[in-house]
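There are 2 protein chains.
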Amino acid sequence: MPTIYYVAKHAGVAPATVSRVINDSGYVAGETRERVERAIAALGYAPNRLAQGLRSKQTQTLGLILTDITNPFWTTVARGVEDAASKAGFSVVLCNTDESQAKQDQYARLLLQKQVDGFVLVPACNDAETVTRIRERGVPLVVFDRRVPIPVDTVRGDSEGGAHSLVRHLLAQGHRRIAVLGGAREVSTATDRVAGYRRAMGEAGLTVDPALILYRDFTLAAGDEMASLVLALDPAPTALFAVNNFIAIGALRALRDAGVRVPEDVAMVAFDDLPQAMVVEPFLTVAAQPAYQMGHQATELLLARLAGDKSDKILEIILPAQLVVRRSSSHKVGPSLNPFVKDVELSHQN
Amino acid sequence: MPTIYYVAKHAGVAPATVSRVINDSGYVAGETRERVERAIAALGYAPNRLAQGLRSKQTQTLGLILTDITNPFWTTVARGVEDAASKAGFSVVLCNTDESQAKQDQYARLLLQKQVDGFVLVPACNDAETVTRIRERGVPLVVFDRRVPIPVDTVRGDSEGGAHSLVRHLLAQGHRRIAVLGGAREVSTATDRVAGYRRAMGEAGLTVDPALILYRDFTLAAGDEMASLVLALDPAPTALFAVNNFIAIGALRALRDAGVRVPEDVAMVAFDDLPQAMVVEPFLTVAAQPAYQMGHQATELLLARLAGDKSDKILEIILPAQLVVRRSSSHKVGPSLNPFVKDVELSHQN
DNA sequence: TCCTCGTATGAAATCGATTCCATCATACCC
DNA sequence: GGGTATGATGGAATCGATTTCATACGAGGA
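Protein chains in written order, with our numbering: chain A, 1 to 350; chain B, 1 to 350.
If you are wondering where the hints come from, they were derived from the structure by calculation, not from laboratory data.
As the structure is a computational prediction, the values presented were derived from the model and not from experiment.
Treat each hint with caution, since some may be false.
Since the list gives no way to pick one copy over another, a pair counts as held whenever it fits inside one copy or between any two copies.
Below, simulated EDC-like cross-link-like pairs (lysine to aspartate or glutamate); rule was C-alpha separation at most 16 Å, straight line [said to hold, decoys possible]:
| # | residue 1 | residue 2 |
| --- | --- | --- |
| 1 | 313 | 37 |
| 2 | 57 | 117 |
| 3 | 313 | 209 |
| 4 | 103 | 257 |
| 5 | 87 | 98 |
| 6 | 313 | 24 |
| 7 | 103 | 83 |
| 8 | 103 | 209 |
| 9 | 57 | 37 |
| 10 | 87 | 203 |
| 11 | 313 | 264 |
| 12 | 313 | 153 |
| 13 | 103 | 129 |
| 14 | 57 | 99 |
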């Protein structure tokens, strides 16, 4: 593995000159540059990025800390991040926290030790500890998708607004008893979506039944459990709002197993769409976030910070969620309860 | 940001001693160790991994080069890789090639410059260039999912066997004209799956109509196009075999748009399942590869190589694909052609 | 008593780049 | 002809760790 010294010797120049050629910095005479370039080609030299990074304090690497790449929303985000980073010559180190703050903190520490130039962080919880640790080190970061209690650059979807649209849509279909299958209480997207729900209900002059608002976490199992719980209520809701895609799938499974039809017996809407490429016939009415674009934009913001606009004030970029109406909510109901639901509710309790 | 020298001074020892404490190597007296550990804690010291890597020639980082993280198969694989790596204290740098060999080669070069300790590589094509480049540098790698024309550690699913199972299943259902919607001809998984198809057909004493075997690439658009093409044949196939999930979805869309019902009018099977968490009611009969396990195992093999069993011979680990029969192929057909297909074929040509 | 060996530690070289500073032409201007 | 930019290059320090080598001490064996 040739080093810069070999190249220098081979070209009959000093290492410093080779460095200038590599980085296209400082003065290098045309003839010298050519000689160095020939030497580089002849030896098959490639600079050692560790050494470069150690000296120059830039690793051209970003850390991406998210909850679970297995969720198609995060997958798409990750792709957006990778594309934006790669275009700028940056690599991305990927870390899954599974919503565990301990893991998140551990990864953040590790990446700091690796001297990454910046972070895109999806905070596992509403705590600012990791964020402050990173900022103390002077490493730029963009908080993604979720809010934290301190001011910091953020890119996120409009959870409140998206939820509001979804619930308004349900209300327009005639639904009055709408249950919220919520995520983790410590996560802003969960609470913001509930806030959007409350606002829509309030605007419609409806009082919110607290029994219809549940918090668990963003998993299939939670969706399953919450769906079963709300269906057992009396009166049962005529529509369900799942605050993310995994909860929605879990809930739909529970409904299927209970013999409850969607949308005939109960309507269903959810936050986060599934990617086009994964579904033949999309079924669920959703508030779709522009996941790829969000990831891309967060990374570009981060890169801009790296490029040096420290002076700017803190940015909070909120991208709108798009209401996509599909079959799962297409069944209009009257003001009276759908009789099907009662039947099902009973059968479910047995 | 404290360095090892600060810590050394603070503890009243030499940097070498601090290094010994950090790495738990060499001789350190108990009392000295405690003093150093207190200094580390007091200063909040964390070693610079670049410097460590530069000197020790180990970065505790793996490169994962795959085609597209957006495909749920690769997502799951990536998660398996990340989990295995993380458990061993390694980080993972993720790269998407989009099946472009140029990108693949570029990423491989970059990661080599970053001195990654090892590679998990999904080759974009049947070319060994990238693989040899990596091996020349003496960096361990595991080729994933696809074969390359030189002997190298490999972890892959049983494409031939999985395809064979799928086609046998179709044959058992009474299908005789079975079309293959293939991937890229340069990719072994595509050709192996066709080989499995041929074997199953041959064992059934059937001759293969070459018009029923198409090659394109692993995309929705290709699936759409190929499905339309084979449906226009006369006689049309009664069953389609999509060699991956994206092709399957594309084909299903084409069928839907053409008014062809699955499985009533035409049966459909595919390679690669969608993750449990993304589908309420799985519909497609598939050969499911243990994606997570494959990624995990490939990484463990790679780590074992790193740990030093260079002596071992080259390993080729082939994991079985599991036949999962679902509705999309459940409709038995007789030896005569399904009349529906003809209708559709005509309407499609208009 | 002397030698050896195991334990403990530090000094200094090293990894492979960048970067600061000094040096030296050459050209230009007055 | 002397002073001064400007261009071009090299030497050496530096980034922050690891690693080699030398040294020193105390215990145990001959």
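| task | With 16 Å as the alpha-carbon cut-off, assign the pair residue 87 and residue 203 to within, between, both or neither. | result | For residue 87 and residue 203, the Cα distance exceeds 16 Å both inside one copy (45 Å) and across copies (50 Å).
| said: With identical chains, the pair residue 313 and residue 209 could be close in the same copy or across copies; at 16 Å between alpha carbons, which is it: within, between, both, or neither? | reply: neither (41 Å within a copy, 66 Å between copies)
| task | Evaluate residue 313 and residue 37 at a C-alpha cut-off of 16 Å and name the case that applies: within, between, both or neither. | result | neither (43 Å within a copy, 40 Å between copies)
| task | Tell me, please, which holds for residue 313 and residue 264 at an alpha-carbon limit of 16 Å: within, between, both or neither? | result | So residue 313 and residue 264 fail the 16 Å test inside a copy (50 Å) and across (61 Å) alike.
| request: State whether the alpha carbon distance between residue 103 and residue 83 is at most 16 Å within one copy, between copies, both, or neither. | output: between (25 Å within a copy, 12 Å between copies)
| query | When no copy is specified for residue 313 and residue 24, does a C-alpha distance of 16 Å or less occur within a copy, between copies, both, or neither? | reply | neither (32 Å within a copy, 45 Å between copies)
| When no copy is named, should residue 103 and residue 209 be tagged within, between, both, or neither for a Cα gap of at most 16 Å? | neither (36 Å within a copy, 55 Å between copies)
| task | Classify it for me, residue 57 with residue 117: is the Cα-Cα distance of at most 16 Å met within a copy, between copies, both or neither? | result | within (9 Å within a copy, 21 Å between copies)
| field | Status of residue 98 relative to residue 87 across identical chains (alpha carbons, at most 16 Å) | value | Result: close only across copies, 14 Å inter versus 28 Å intra.
| request: Please work out whether the CA atoms of residue 103 and residue 257 approach to 16 Å or closer within one copy, between two copies, in both situations, or in neither? | output: Neither: 35 Å inside a chain and 46 Å across chains, both beyond 16 Å.
| task | Could you figure out if residue 57 and residue 37 sit no more than 16 Å apart (CA to CA) within one copy, between two copies, both or neither? | result | neither (25 Å within a copy, 26 Å between copies)
| request: Measure nothing new, just compare the shortest in-copy and cross-copy C-alpha distances for residue 57 and residue 99 to 16 Å and report within, between, both or neither. | output: Neither: 31 Å inside a copy, 33 Å across copies.
When held up to the earlier numbered hints, the structure conflicts with 1, 3, 4, 6, 8, 9, 10, 11, 14 and fits the remainder.
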